[in-house]
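**Q** Below are the chains, spelled out letter by letter.
There are 2 protein chains.
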Amino acid sequence: MIKKTKPKLRVIPLGGLEEVGRNMMIIEYNYDIIIVDMGLQFPEEDMPGIDYIIPNISYLKGKENNIRGVIVTHGHYDHIGGIPHLMPKLGNPTIFTTKLTRAIIEKRQEDYRNSDSLNFYTIDPDDKIKLGVFKIEFFRVNHNIPDGVGIAIHTPEGLMVHTGDFKFDHSPVNDAPAEIGKIARFGAQKVLALFSDSTNAESEGYSISESAIGEAMDQIISGAPGRIIIGTFSSLLSRIQQIINIASKYERKVAIEGFSMKTNVDIAIKLGYLKVPPKVIIGIDEANRMDPKKVIIMCTGAQGEGKAVLMRIANKEHRKIQIEKGDTVIFSSSVIPGNENSVQKLKDSLSREGAHIVHYKLMDVHTGGHAHVEDLKMMMQLTKPKYFIPIHGNRYFLQLHAKIASSIGIPEKNIFVADNGQVMEFENDEGKLLRQTVPSDHVFVDGLGVGDVSNIVLRDRQMMSEDGMLVVIATLEGRTGKLIGSPDIISRGFVYMKESKKLIEQTRKRIKTILIDKDPKMSLNETYIRNKIRDDIGQFLFTKTQRRPMILPVIIEV
Amino acid sequence: MIKKTKPKLRVIPLGGLEEVGRNMMIIEYNYDIIIVDMGLQFPEEDMPGIDYIIPNISYLKGKENNIRGVIVTHGHYDHIGGIPHLMPKLGNPTIFTTKLTRAIIEKRQEDYRNSDSLNFYTIDPDDKIKLGVFKIEFFRVNHNIPDGVGIAIHTPEGLMVHTGDFKFDHSPVNDAPAEIGKIARFGAQKVLALFSDSTNAESEGYSISESAIGEAMDQIISGAPGRIIIGTFSSLLSRIQQIINIASKYERKVAIEGFSMKTNVDIAIKLGYLKVPPKVIIGIDEANRMDPKKVIIMCTGAQGEGKAVLMRIANKEHRKIQIEKGDTVIFSSSVIPGNENSVQKLKDSLSREGAHIVHYKLMDVHTGGHAHVEDLKMMMQLTKPKYFIPIHGNRYFLQLHAKIASSIGIPEKNIFVADNGQVMEFENDEGKLLRQTVPSDHVFVDGLGVGDVSNIVLRDRQMMSEDGMLVVIATLEGRTGKLIGSPDIISRGFVYMKESKKLIEQTRKRIKTILIDKDPKMSLNETYIRNKIRDDIGQFLFTKTQRRPMILPVIIEV
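Top to bottom, those sequences are chains A and B. According to the working numbering, the residues represented by the first sequence are 35 to 592, in order. According to the working numbering, the residues represented by the second sequence are 35 to 592, in order.
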């Protein structure tokens, strides 16, 4: 006899709790599942060759029919980037999102022509929708892309609030202020749990209004003696709006360079999220014919990305833009951790060519996009949750955010600092962070392959990148196991072969000795011979060079 | 007939003008050469497997007998790290440096047992020494290691001032204040050229006194509820001194962990550069038996270095130290660009184990060690140089420093922003930055090899780290060129072989086709066959996977 138990509300973060990126959360009650966001993460240093990482959706296998919808909070890649890869595997459930976010997702989907088209339901932040047992409401938040929302989810066990990425901006640029009143009204309805953005939990005080960033930009632009080149993120529409406003104030024209930025600007203009006075945006050819004092070039590549516009300019690889003395280059985005060296090289090259460089801290995109400590407290005070779960960020940031929650009086036992894949259950007004986890390990996207690069492949890549590799090919007579000719040695990334002839000769000699001295009874135990070559030659080369190339012995029998 | 020309003074920076690191400068007049510093640079991201980079000394080949001495400004690796590798090639000229710097160089030399021992002349900052035509005087500067000096070089063409790494600290810890009066006196003697540290040319205002850093540290230590673990650089002796002082004020004991830190502390105590009250420093075993509230552990690894103490603690690999709830971990050094991700991982792990983490910006080592904008101006005002040459830092920083010089009235034509290897000449009170350069490209140290890893080897490492490699081995009959058996395929770092059997089979089939369809007249043109396999299989795999593994075809003839 199976005891029928009352279902529990389960909340499972599949990503975004141990990193910045691949945000995805599952909310499940009995046979109803909703998903919040479906992002990607950019690879870390120890993942060479990987394009990006997406959430592991094994938990949803066999449950595809339970998925009532995917809610997407805003149009950044760490919230939408997994969609082209994961949606087909989930049976293409409907995506519920705002107008701009939808347009950005659709635009990106064009790169995946073989996929089925996506199903959308465009929401207005005042909509109320029903997905299975869940009733969903939305509230506007500010971020550094317009049209972002947070979510209030009415579940059979109580009300859950998920902030998405947010800050409060009472004077945003081309966006409505965060709906503080609405959030407070959810707070009045008794919030069981608040899931809140931790990205900036280390920054004291309040976040800076996008308008203030505009004032700083205004000063720099008004004071620049010649042409201005501004590098920023292509998705940073509010920044782009401000630059356009300031340009038109100072009678400069704006040329936009970089495919993704052009695309985003087109979408945003079409949907009314970017307001451009007539004749402010011009083509690069026209810009090149104008007085440099009248020109702003806005482009991608402020992170030092190899193929983006700014790097091509710096490397003199851009067909139409070269740095000239008198140019001012403004970096209008903070450096994403890991990109510091590329950005430094970019600045060095631009400096060398005579550009004046401005990298003003106030224009920091992280300062700009996410709630600071005091904003985070305000979100807690507005929602007054019983349980608090910090999301979006590395463990360190979640922990800091937990400390903030604790500092304003949320009991420590009601604060869940969870790992990716760790299950939370809510029942009878009580929440539990279980030990139980569902798979949440990295799924690597590399070229056309999704999930076919394993940790073994990565380990091999890393090993070869450290000390290179050496292939030993020995041809043996099949019957006798006698060595025919001299073993071949091929090596890459280990030593400069042309200047290491002596070392290679010594190595060849040792291989011969191994193959000739081998126990005749073992004559053709290939595994034994291969291991012996690997160990012996590995040790020999380490003694000689202090390097450990990967050694690949190949035995050919003829 | 050879026209005898009056010799010129030549100044050649061999390193340190396009990077942070491998500082080395040559000053040459006729048959006299002096060298200032001989540092190393840590590798960048695109140099996998490299231990570090040292200056290229080709220019000095054949001039070894002209070298009158090597002056070392202070004991950091970016100023001393090239010594073990380069001194033997330069005929072991005498090193002129202060007591502590000498001890640090000697300690490091112990790792290079096969080298000849070094020749030293220990200087006092009030010494005046004569090296060939040059007369050298010194002036104390502050930095984040004691006993640093700047140099005044009286040359036949005029007085040159080289600051070394410096800041002005009027209340340093365990070190004398920078000798401002002495520098001003050099200024009164008419300085032809000032070579000045650009590392912090981006930071506004004045640098912070080490004492102020102590006050911040005092607050954190006095408020910590339990054990304190402090990670910092092993060479940051003034910080170590402050921690010892504060520990003794609050009756805590200090255990020091990490080989390099123990070594440096030993040297500094012995030479009187570190003053430790009796019984403050204890062993880790004793510390582990004590009340955690009475313990500070000071250790290496605040940069996230894989094998340093802090990382081993975080990874639970340290035999004697585990994180316990209540521990406070203080990061007392800024993050060196490129280490952000490792440091983030370290903090995540420590957080996860329950440590409270403090990473206080004021304790930033870069804030601590180098002159800020106003200090840099002060150095110029003290020396009043005719020519100004920014040194120590990436091009971007040199350019900023040049702008600062220009802002206080040094004419732009008298400011030389030079590249590594670019020659400066001084004659008749006039300086010139020549187009002429001497070799200054990277010399890589990798294990025991110095200079044997070329850019080709690095490119191969990078290529394999991106998409792996694939070795194709085909055995052909020598006479007919007929394929024997089936080609072998070995691959690493490309795809997970076990799950890519179909792709490998398709690849094998294509190789067979190439070998069978080949023009019979070309039967054994190995180069042709290899190229054909490389191109054809490369293209095939790219189409299938969007990856470009390195393809290594091997043809065996039997």
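Derived by calculation from the structure, the hints in this document are not laboratory data. Be a bit skeptical, because a hint or two may be false.
Just so you know, same-sequence chains aren't split out, so a pair can sit in one copy or run between any two.
Unchecked claim - Calculated pairs, DSS-like style, for lysine-lysine (alpha carbon to alpha carbon, straight line, at most 30 Å): (1) Lys283 to Lys42; (2) Lys359 to Lys418; (3) Lys283 to Lys359; (4) Lys532 to Lys97; (5) Lys141 to Lys578; (6) Lys224 to Lys40.
Computed from a predicted model, the values in this text were never measured in an experiment.
**Q** Now tell me if each hint is right for this structure.
**A** Going through the hints against the structure:
no.	hint	result
1	Lys283 to Lys42	neither (58 Å within a copy, 55 Å between copies)
2	Lys359 to Lys418	between (56 Å within a copy, 28 Å between copies)
3	Lys283 to Lys359	within (24 Å within a copy, 56 Å between copies)
4	Lys532 to Lys97	between (59 Å within a copy, 28 Å between copies)
5	Lys141 to Lys578	between (55 Å within a copy, 25 Å between copies)
6	Lys224 to Lys40	within (22 Å within a copy, 90 Å between copies)
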